[in-house]
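Participant: Below, each chain spelled out in residue letters.
Protein chains: 2
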Amino acid sequence: MSDEISAPVVGMVGAGQLARMTAQAAIGLGVEFRVLADTQEDSAAQICTRTVIGDYRSAGDLLKFAAGCDVVTFDHEHVPGEHLADLERVAEVRPGGAALRFAQDKLAMRDRLSAMGVLAELGVRCPRYWAVSSPADVTAGWPIVLKATSGGYDGKGVWICQTEEAAAEVISHGIGLLAEEYIPFDRELAVLVARSPKGQGGSYPVVQTVQRDGICREVISPAPGLDPEVSLRAQRLGLALAAELGVTGLLAIELFQVGGELIINELAMRPHNCGHWTIDGAVTSQFEQHLRAVLDLPLGSTTSTARAAVMVNVLGGDDQDLYSRFVHVMAADPGVRVHLYGKRVRPGRKVGHVTVTGTDVEQLRDRAWRAANYLSLGTEEPGEEPVEEASQ
Amino acid sequence: MSDEISAPVVGMVGAGQLARMTAQAAIGLGVEFRVLADTQEDSAAQICTRTVIGDYRSAGDLLKFAAGCDVVTFDHEHVPGEHLADLERVAEVRPGGAALRFAQDKLAMRDRLSAMGVLAELGVRCPRYWAVSSPADVTAGWPIVLKATSGGYDGKGVWICQTEEAAAEVISHGIGLLAEEYIPFDRELAVLVARSPKGQGGSYPVVQTVQRDGICREVISPAPGLDPEVSLRAQRLGLALAAELGVTGLLAIELFQVGGELIINELAMRPHNCGHWTIDGAVTSQFEQHLRAVLDLPLGSTTSTARAAVMVNVLGGDDQDLYSRFVHVMAADPGVRVHLYGKRVRPGRKVGHVTVTGTDVEQLRDRAWRAANYLSLGTEEPGEEPVEEASQ
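Residue numbers (our numbering), protein chains in the order written: chain A, 1 to 392; chain B, 393 to 784.
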């Protein structure tokens, strides 16, 4: 019989909206949750009592932060690899540096994935890719996709080049680049899985994602009309990659669907925009699931609580006053779930998301887009154009 | 076009688990939430960045707290009535003192309710009651229920007396008392409604509650086998009382069911144990709903997201180490939702609750009781005895 409360301390490096929603999930678990924030105004720092201010690029700040934690995890992939090794000497780091490398370095990820037998077994492939250091490396096959090997997010660090001149301009900045074949996809899918150090895995339903200018705008769960066989392959892929890469915590895999073919676009090892719908639409939210996984607790049920869920991101418009527009949205649709991130509004910045759950996907999409557009713009635009079902 | 973020500041007096779960809901709304706590270790103070330490019985502490808030609301009913009037001069107080009086003073509540025509219209009544000041006031009709007119909670302040001697012993303590007829009820029900200052009202489904030793142990939503006509009367009662008493925020009404008859037991004007299931089982949780109501925002949907939900409170056992028992519960039932309050374990103290949603009520009850018993005791006892359906 213990006299002490033994709940462990989880520290998350980074204090954006992912950390904010993880902090919210930690409350119910009774787990002490800390964030390493740039400033007290960061999205998560506003609402997390155990906020430490520091620089995630500083080994000293990271080590000081980790010293008070049992487990360290991440809100983003930008902690330098050499600091991860230092961290691992003082705390459990989940995901560990050996896994996280493949979310940080796209060239390393491509090399590692291409060598995996499981991809061929599942009929999944990566785009053709190669390292780029000079304009001579990209001369044909336009359009070509250039990607910064590290540091990108929300479309930053990705350039679709139509000409040699455009490619040369990107290459002239001297950052590490790889080139990839451009995939004319039918649609984008994502699979989100969790894996614990003990090796337990769990997959959420495969979702369809809609990006605009490289930013995730909409997620539909489950992906409408997806062939169950393709869905199963995507979930198997998620679980297999999490195991082969030794991921602990969440792994999100962004996929292109071309007919029945699945092509791997990107990996992330943290809560991910493709899983925000789980707060309102699944038994266990991705944020609680990430905590359970990094704490090596048994995973929660990934079952959906409704037939379908649609999540739309709220991007900042011109007007700071998000709150007053909230009233209209609440009155217009009492069933819409709004999540605000406490961030200052800047045009195009993700400042929140809305989720609607139910049965009729087109109705859900219409409701979610109306709410998100009103929050962004103060006008109730019609829903986005219909999502085309992939040809099977 | 505004340049300022205009989200208002809500302050809650008291920092128990109700404030903790309200703080959790405030995160998504992007509303600044403060609590007035006794100590930094209080359940809500642990996780709320805007915690003010102070005494809710001190007018000075209350006024200092209220000065930074747009709206003040409550986690309990124990703020002295004279201080409420002071508070109302510096902030919006919701519910206001004129309404809150009827949750604070059971004699005033009985007098007020008994004078309402709507009770007779709805075929609802109060128990027979009378003020008590000496043993001569209770001489016949055993058992008789004695209640402290104010200050009770979780069964404290309620005595079921079988004899004159037992009653005399209670009366000898000199506290304000009323006597009520003992109601041999079929079962207990509760209805939870929200009302905003604008007058919008919304009712959650009527639930069955099971109390042990005056403490709520289990809530089943909706109340199994409840005649739809009785359910409708209970919801109408909730909305009518909220309007007649001028309640802003939540109003919970605990009811005795005797056949088709409804008898009013208690009122509370705050988030209530009978509504904890809404976090996992309704579109809008009672905690978000309370915030929306006190902020005069449009109310959220009160629709259930599953056919049925069962909530069981986790009471403290002998062992502090709740967390290590958590692992077993998570592994045994990945679908159970556990909510811990961060409170030190003391025998019989409410330290958390579990909720299970689905279709088969008896299965849900079995799962919820297993999880709660294991968290309390470290042994997996079978579910509680079956709940009898009320005779209709």
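Some hints here could point you the wrong way.
Only part of the chain A face toward chain B is listed, based on derived beta-carbon distances under 7 Å [claimed, not checked]: (1) Gly30; (2) Ser150; (3) Val283; (4) Ala331; (5) Pro334.
It is worth saying that the hints were derived from the structure and are not from the lab. C-beta atoms are modelled at their ideal positions from N, C-alpha and C, and glycine is treated no differently.
Participant: Could you check if Val283 (chain A) really has its C-beta closer than 7 Å to a C-beta on chain B?
Facilitator: OK, holds: Val283 (chain A) within 7 Å of chain B, min 5 Å.
Participant: Do the numbers back the hint for Ser150 (chain A), that is, is its least Cβ distance to chain B under 7 Å?
Facilitator: This interface hint is violated because 31 Å lies over the 7 Å limit.
Participant: Quick check on Gly30 (chain A) please, does its C-beta sit within 7 Å of some C-beta on chain B?
Facilitator: Nearest chain B Cβ about 3 Å off; hint holds.
Participant: Once the shortest beta carbon distance from Pro334 (chain A) to chain B is found, is it less than 7 Å?
Facilitator: 4 Å, holds
Participant: Quick check on the hint: Ala331 (chain A) CB to chain B CB, less than 7 Å?
Facilitator: Holds, because the Cβ-Cβ distance from Ala331 (chain A) to chain B comes to roughly 4 Å (cut-off 7 Å).
Hint 2 alone, counting from the list given before, is not met by this structure.
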